[in-house]
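Colleague: Those sequence lines, one after another, are chains A and B.
Add 1 to the 1-based position in the first sequence for our numbering, that's all there is to it.
Add 7 to the 1-based position in the second sequence for our numbering, that's all there is to it.
Honestly, the hints are just simulated from the structure, not real lab data.
Backbone N, C-alpha and C define an ideal beta-carbon position, used for all residues, glycine too.
Hints should not be assumed to be uniformly reliable.
As the list claims (entries may be wrong) - In silico contact screen, one side only, chain B against chain A (beta carbon under 10 Å); selected entries:
hint, residue
1, 49
2, 67
3, 68
4, 75
5, 111
What the hints assert, rightly or not - Some chain A residues flagged as far from chain B (calculated, every beta-carbon gap over 10 Å):
hint, residue
6, 19
7, 29
8, 52
9, 55
10, 69
11, 94
12, 102
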Amino acid sequence: QQQVKQSPQSLIVQKGGISIINCAYENTAFDYFPWYQQFPGKGPALLIAIRPDVSEKKEGRFTISFNKSAKQFSLHIMDSQPGDSATYFCAASRTQTGANNLFFGTGTRLTVIP
Amino acid sequence: DTEVTQTPKHLVMGMTNKKSLKCEQHMGHRAMYWYKQKAKKPPELMFVYSYEKLSINESVPSRFSPECPNSSLLNLHLHALQPEDSALYLCASSHPPDRNTGELFFGEGSRLTVL
């Protein structure tokens, strides 16, 4: 059972464009929603994260939008650059109880064309 | 640069070999994790150690044996693996549950090939 659903599976964007990746979850106990960026042959790196008490968080060109009632969150990459080409994973976890078991989405392979 | 260091970066082993993967972190984290990642798939949780004690084992076959000698080190001992065990093995660390901020820091992984 996929706890976090992610779309699209792949995305091609022109340089300077906006990349948008969407995720949805079912478990209302989740209280931490990170996005990870992974380059080929490397481990995932934490990009940006949000908690459900805010609807938006922005760090540089990266923005998370969070809709608690719809149980959805999305990553927006503004002014996309070729160096942003990577696989992006959304995730969710419950930090209140137990170990920090991250439930990952299936990933989105982003290609930014020069 | 990641603060979670994994060695070796690449490992090729036969099905009868015994080898180990090593992970080290110096961020003062007291929870450490092993994940397995197949190509084009998300990481899958294998084991979690919290305060050097095994807290989660996601029904991983016994040919994988984790060990946490101290708060900074995590090992994964490998024995009698199968070709389908070939994958990227990721180590991660975080604060333990009672201080959990949610942030999980990954190493760059050990690429394992089983012949």
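Colleague: Compare the structure with each hint and give your call.
Modeller: Against the structure, the hints come out as follows:
1. 49: holds (4 Å)
2. 67: violated (14 Å)
3. 68: violated (20 Å)
4. 75: violated (13 Å)
5. 111: holds (6 Å)
6. 19: Fine: 24 Å to the nearest Cβ keeps residue 19 (chain A) off the interface.
7. 29: Label holds. Min Cβ-Cβ 16 Å, cutoff 10 Å.
8. 52: Violated: least Cβ distance 8 Å, not greater than 10 Å.
9. 55: The assertion about residue 55 (chain A) holds, with a minimum of 14 Å to chain B.
10. 69: Per Cβ check, residue 69 (chain A) is outside 10 Å of chain B; nearest 16 Å; holds.
11. 94: Given a closest Cβ separation of 6 Å, the condition is violated.
12. 102: Violated: least Cβ distance 6 Å, not greater than 10 Å.
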